[in-house]
Amino acid sequence: MRGPGFLEQLEAAVPGAVVGKNLEALDPWIEVAPERIADVCAWLARSSPVRFDSLQCITAVDWCEPDPKKAAKVAWQPHTEMVYHLWSTPARASLVVKAKLPRWQADVPGQPPEIPTVCGVWRGANWHEREVYDLSGVWFTGHPDLRRILCPEDWEGFPLRKDYEMPLDYHGIRGR
Amino acid sequence: MAHLLDDDPRIIEFDVRTDEMLVNMGPQHPSTHGVLRLVLRTDGEVVSEVEPHIGYLHRCAEKIGENITHRQFIPYTDRMDYLAAMNMNLGWALAVEKLMKYQVSEKARHLRVLIAEMNRIASHLVGMGAYGLDLGTFSPFLYAFREREKILDLFEEACGARLTYSYITVGGLTADLPTGWLQRCEAFLEQFEPIIQEYHALLTTNAIFVKRTASIGVMSRELAIDYGCSGPVLRGSGVDQDMRRDGEAIYTAMYEGYAFEVAVMKDGHYPRDHDYPAVPADAVLGDCWHRFFVRMLEVVQSMDLVRQAIDRYSACKGPLGDPVKLTEKMPAGDAYLETECPKGQMGFYIVSDGSAIPWRARARSSSFSNLAVTHELCRGCLIADVPAIVGSLDVVMGEIDR
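Going down the list, the sequences are from chains A and V.
For the first sequence, our numbering begins at 1 and goes up steadily by one.
For the second sequence, our numbering begins at 177 and goes up steadily by one.
Keep in mind that the hints were calculated from the coordinates and are not lab data.
Heads up, none of these hints are tricks.
Distance condition first, Cα-Cα at most 25 Å in a straight line; then the derived DSS-like pairs of lysine-lysine:
1. V:239 to A:73
2. V:501 to V:239
3. V:239 to A:162
4. A:70 to V:505
5. V:239 to A:69
Computed beta-carbon distance windows for the label pairs:
6. A:162 to V:377: 51 to 61 Å
7. V:552 to A:154: 27 to 37 Å
8. V:487 to A:35: 49 to 59 Å
9. A:90 to V:279: 24 to 34 Å
10. V:490 to A:170: 51 to 61 Å
11. A:68 to V:560: 53 to 63 Å
From the three backbone atoms N, C-alpha and C, an ideal C-beta is built for every residue, glycine too.
The task is simple: from the sequences and hints, build the whole structure.
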């Protein structure tokens with residue numbers, strides 16, 4: 001679907017960016033180094049043979065098990081996974097780009113991890129990144145207007161994190 | 177100066193000093209299709225900047241999805257696009273089935289097509305009627321709701337609910353159709369078909385409607401693609417894309433054997449152009465009129481698909497098949513699937529750790545992407561055109577805020 005030699009071309013264009021792949025998965029994906037995400041996306045959107053000209057969705061998946069008993073059994077290290085779903089209108093093909101981030105920047109709780117914005121590649125990324133920041137707490141460096149979009153501006157915490165605790169009070173409204 | 181003033185209302189008299197003004201539209205403005213707040217920066221009648229504020233209907237559907245099983249999440253999908261809840265159910269059910277590699281029975285497949293396309297008609301009727309309201313005409317809304325009511329009656333018979341159905345579910349449907357339903361559905365289509373001409377007379381070809389929509393809010397192909405727009409908004413800009421034909425195998429397999437032509441303008445004309453009113457001379461591809469017209473064409477297209485589905489469904493022998501168990505475990509992994517909902521491409525992304533409860537449930541909303549483009553379309557338009565542009569995107573806030 002993505003043509004032969006696709007990964008080799010990507011490697012030549014943005015050397016060292018791809019750190020993992022699974023093209024046999026249900027949705028074929030490549031994993032890139034987070035600091036290279038904007039370069040990779042720019043190549044995919046503008047220069048690759050299959051031009052992924054549309055960004056469908058950005059998701060952040062929080063890999064964290066707040067329960068220490070269960071946490072001892074899981075196979076992964078806690079991290080935040082960024083998932084970009086791309087779509088090519090001319091080729092009618094899709095591609096998933098993933099990137100692994102630490103849960104908190106420099107392991108300081110409350111300090112969102114950082115990843116470059118892809119707003120310069122697809123203008124539609126603006127709102128998607130704002131949503132990810134709002135709900136999952138990922139800071140997109142270079143974003144023109146990064147602020148909360150769904151939650152109120154004075155909301156605290158990032159609700160889609162696994163260790164998020166529902167506030168007990170919000171302007172006099174009882175939380176639970 | 178006088179001759180200039182006659183031509184263009186946007187040219188401001190040179191000796192009148194004007195100031196920029198911030199105007200709030202919403203969140204309770206009737207023409208905002210729910211609780212959407214638009215902050216307009218205006219200079220007289222001209223809008224220089226529009227900023228949509230969303231989130232008033234945010235109900236944390238994604239967080240809820242991480243705490244309940246895949247089938248329990250179905251009722252929450254109802255409440256996303258509440259005007260096309262069947263299509264929402266279908267999107268989530270197919271995404272889970274994709275992850276489970278589950279295949280529904282042939283009968284369930286045709287019943288799903290039937291129900292989803294009926295809901296598409298109902299959704300487009302609301303879109304059409306409410307668009308009339310946005311532009312200041314009340315009657316089309318009543319005509320549209322009169323017919324939509326009949327579809328809701330049919331849905332009520334089939335599943336007991338009028339708006340939040342939870343009818344299509346993971347592994348099939350919750351129940352088979354009651355006896356006599358297909359005949360009543362056919363009778364409805366028979367009665368509904370000539371009414372579409374009325375809608376064309378009321379809106380599509382109405383001189384005032386054309387004046388209000390043609391060449392207003394023109395969205396280029398590139399802009400639509402760049403913002404990830406989808407559905408009638410994308411097709412209204414001339415992009416030939418419909419997930420029912422171009423989507424992933426699990427979704428296109430559902431429509432396999434069905435004959436339909438994507439409602440998009442190709443080489444200057446729409447498919448089966450002769451059946452419909454001609455494109456007005458003022459309309460340019462990508463404007464409000466075209467977005468509206470694509471929806472009208474899709475109503476007819478969906479009626480056609482419903483008829484085909486009725487034939488195929490009645491030809492199917494054997495049982496419908498039971499849905500999967502409420503606590504059926506999903507394999508570890510992730511799956512993303514986009515389906516063609518009336519408002520656009522609705523995507524569901526599920527990450528599973530191997531249990532019945534999704535690790536992450538993500539809903540990619542089509543209206544969200546479609547609304548994000550508003551500020552580009554409204555730059556430099558008149559205040560009165562803002563409802564016309566937002567209405568032509570046909571967004572539903574329940575889906576944007578989730």
